[in-house]
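Undergrad: Sequence:
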Amino acid sequence: MTLPLTNPDSPERIFAVLGMFETTEALNTALELDLFTAAASGPQSAAQIAAETGASERGVRILCDYLTVQGLLIKSNGLYSNPPDVQRFCNRKSQQYLGDIRRFLLGQAREQFRRLTEAVKSGGSTTTHELHGESDHARWVEFARSMAPMMFPAALQLAELVTLPQGESSVLDIAAGHGLFGIQVAARHPGAVVTAQDWPEVLAVARSNAEKFGVASRFRERPGDAFEVEFGTGFDAVLLPNFLHHFDAETIVTLLRKVREALAPAGKVMVLEFIPESDRVSPPGPALFSLVMLATTPRGEAWTFAEYQTMLETAGFGDIALHALANGPQSVVSASKA
Numbered sequence: 020m021t022l023p024l025t026n027p028d029s030p031e032r033i034f035a036v037l038g039m040f041e042t043t044e045a046l047n048t049a050l051e052l053d054l055f056t057a058a059a060s061g062p063q064s065a066a067q068i069a070a071e072t073g074a075s076e077r078g079v080r081i082l083c084d085y086l087t088v089q090g091l092l093i094k095s096n097g098l099y100s101n102p103p104d105v106q107r108f109c110n111r112k113s114q115q116y117l118g119d120i121r122r123f124l125l126g127q128a129r130e131q132f133r134r135l136t137e138a139v140k141s142g143g144s145t146t147t148h149e150l151h152g153e154s155d156h157a158r159w160v161e162f163a164r165s166m167a168p169m170m171f172p173a174a175l176q177l178a179e180l181v182t183l184p185q186g187e188s189s190v191l192d193i194a195a196g197h198g199l200f201g202i203q204v205a206a207r208h209p210g211a212v213v214t215a216q217d218w219p220e221v222l223a224v225a226r227s228n229a230e231k232f233g234v235a236s237r238f239r240e241r242p243g244d245a246f247e248v249e250f251g252t253g254f255d256a257v258l259l260p261n262f263l264h265h266f267d268a269e270t271i272v273t274l275l276r277k278v279r280e281a282l283a284p285a286g287k288v289m290v291l292e293f294i295p296e297s298d299r300v301s302p303p304g305p306a307l308f309s310l311v312m313l314a315t316t317p318r319g320e321a322w323t324f325a326e327y328q329t330m331l332e333t334a335g336f337g338d339i340a341l342h343a344l345a346n347g348p349q350s351v352v353s354a355s356k357a
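Residues in the sequence shown are numbered from 20 upward in steps of one, following this note's numbering.
Hints in this document: simulated from the structure, not taken from any laboratory. Since the model is a prediction, treat every value here as computed from it, not as a measurement. Even glycine gets a Cβ: it sits at the ideal position worked out from N, Cα and C. Any given hint could turn out to be false.
Said to hold, decoys possible - Have a look at the derived ranges for each label pair, beta carbon to beta carbon:
| id | residue 1 | residue 2 | range |
| --- | --- | --- | --- |
| 1 | S236 | E31 | 57 to 65 Å |
| 2 | R134 | S95 | 37 to 45 Å |
| 3 | D104 | A325 | 32 to 40 Å |
| 4 | S227 | P30 | 23 to 31 Å |
| 5 | V36 | D298 | 17 to 25 Å |
| 6 | S75 | E326 | 37 to 45 Å |
| 7 | T182 | S236 | 19 to 27 Å |
| 8 | G61 | S301 | 39 to 47 Å |
| 9 | R121 | S301 | 21 to 29 Å |
| 10 | A285 | P30 | 41 to 49 Å |
| 11 | V36 | A283 | 43 to 51 Å |
| 12 | P30 | V248 | 36 to 44 Å |
What the hints assert, rightly or not - With a Cα cut of at most 27 Å, we get these calculated DSSO-like pairs of lysine-lysine:
| id | residue 1 | residue 2 |
| --- | --- | --- |
| 13 | K94 | K112 |
| 14 | K277 | K112 |
| 15 | K356 | K277 |
Please model the complete structure; the sequences and the hints are all you need to start from.
TA: Structure representation (C-alpha cells):
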C-alpha cells in the first residue's frame with residue numbers, strides 16, 4: 020500500500036504510515052471475531068453484530084466505525100455491511116475466505132519485521148530458522164492451509180500456460196505447499212500425473228486438496244528437502260511456484276540445474292514469482308516484495324526478469340519467456356530444457 024503526498028507542508032503521510040499497525044490490529048480483531056461473517060447476511064446494527072460475535076455492543080460499534088473509515092465496511096442509516104472484496108475474502112462462509120492467513124502473517128513474519136533494522140544492517144534476516152529445513156515445517160503447514168484460496172486464480176492461469184504431450188504426461192511441483200498449481204495442471208490435462216515435493220506434513224495438505232479436486236489418483240508425493248531429495252527424471256513440466264524468491268542467485272542456479280536434469284528432452288520449467296521491472300520500484304506489488312524477503316530470509320529477493328534470464332541461461336535453459344498474470348502481482352517465467 021502506497022500513500023500519496025497530498026500536502027507537502029503536513030506530516031500527515033508520515034503519521035499515517037507509523038499508525039498502520041492500528042488498521043492491522045483492527046482487521047485482525049474483526050477476523051478473529053468473525054465480524055465480517057456476521058455482517059455478511061445484509062445490513063446489520065452494532066447490536067446485531069455484537070450478539071452474533073459475542074462482543075460488547077460498544078466495542079463493536081467503535082470497531083465497525085473505524086473499519087468503515089478504512090473502507091472495510093459500509094455504513095448506511097446506522098447499519099453495517101461488507102463491501103464486495105470483504106464479502107468475498109473475509110466472510111468465513113465464502114469459498115474464497117482468506118482470513119486464516121493472518122496467523123501466518125501476524126506470527127513469525129511480523130516478529131521478523133520487528134528485527135528489520137538488524138536485517139538492513141546485515142543485508143538479510145539473521146534468524147536461525149531454515150527456509151527449506153525440516154525444523155520449520157510447521158510454519159509451512161499453516162501457510163499451505165491458509166494460502167490456497169488466494170493462490171487459486173494464479174494456479175488456474177499457470178495451468179493454462181503449461182503445454183503437455185497428448186496422452187500420458189508427468190509433472191513435478193516443487194515446494195508444492197497446498198498443491199494447487201500441480202493439481203490444476205492435472206485437472207486441465209486428464210493424462211497428467213503430478214508429483215508434489217515438500218515436507219510430509221505439508222504434502223498432507225496438498226493431498227487433501229487433490230482429493231477435493233478429484234485428481235488424487237494422479238497425485239504422487241516426493242517428501243523431503245528440495246535441495247536434497249531425488250526428483251527423478253523424464254518430467255514433461257516442472258513447476259516452481261513462489262519458491263525461488265527465498266534464495267540468492269547462486270543457490271537458485273544450483274536448484275535450476277537439478278530441475279533441468281529432471282526434465283524430459285522437450286520439457287519446460289514454469290517459475291511463478293513476484294517480478295519487478297528493472298527499476299525495482301514498479302509495479303508496486305512485486306517491488307514491495309523484496310523488503311519482505313530482506314526481513315524474513317538471509318539472501319532472498321524479488322528478482323527481475325533479466326536476472327531470471329541470466330540464472331536460467333547459466334543453468335542451461337533456453338527459450339525463456341515472461342508471461343504476466345491477470346488480476347495479481349505475479350508473473351510466470353517459462354524456459355525449455357534446450
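Undergrad: Taken at face value, is the distance from the CA of K112 to the CA of K94 at most 27 Å?
TA: 21 Å, holds
Undergrad: Honestly, do V36 and D298 meet the 17 to 25 Å range at C-beta?
TA: For V36 and D298 the Cβ distance comes to about 22 Å; the hint holds.
Undergrad: Hint says 39 to 47 Å; check whether the CB-CB distance for G61 and S301 agrees.
TA: 40 Å, holds
Undergrad: Can you let me know if the beta-carbon spacing of P30 and V248 is within 36 to 44 Å?
TA: 53 Å, violated
Undergrad: Does the alpha-carbon distance linking K277 and K112 stay inside the 27 Å limit?
TA: 42 Å, violated
Undergrad: Could you see if the CB distance from D104 to A325 stays within 32 to 40 Å?
TA: 34 Å, holds
Undergrad: Mind checking the alpha carbons of K356 and K277 for me, to see if they're no more than 27 Å apart?
TA: Within the cut-off at roughly 11 Å; holds.
Undergrad: Could you say whether the range 41 to 49 Å given as a hint is met by the Cβ separation of A285 and P30?
TA: 59 Å, violated
Undergrad: Given the range 37 to 45 Å, decide if the beta-carbon distance of S75 to E326 lies inside it.
TA: 52 Å, violated
Undergrad: Do S236 and E31 keep their Cβ atoms within the hinted range of 57 to 65 Å?
TA: 58 Å, holds
Undergrad: I want to verify a distance hint. Is the separation of the beta carbons of R121 and S301 within 21 to 29 Å?
TA: Since the Cβ atoms of R121 and S301 sit about 28 Å apart, the hinted range of 21 to 29 Å holds.
Undergrad: The hint says 37 to 45 Å between R134 and S95; measuring C-beta to C-beta, is that right?
TA: Holds: the Cβ-Cβ distance is about 43 Å, inside 37 to 45 Å.
The structure fails hints 4, 6, 10, 12, 14 (numbered hints given earlier, in ascending order).
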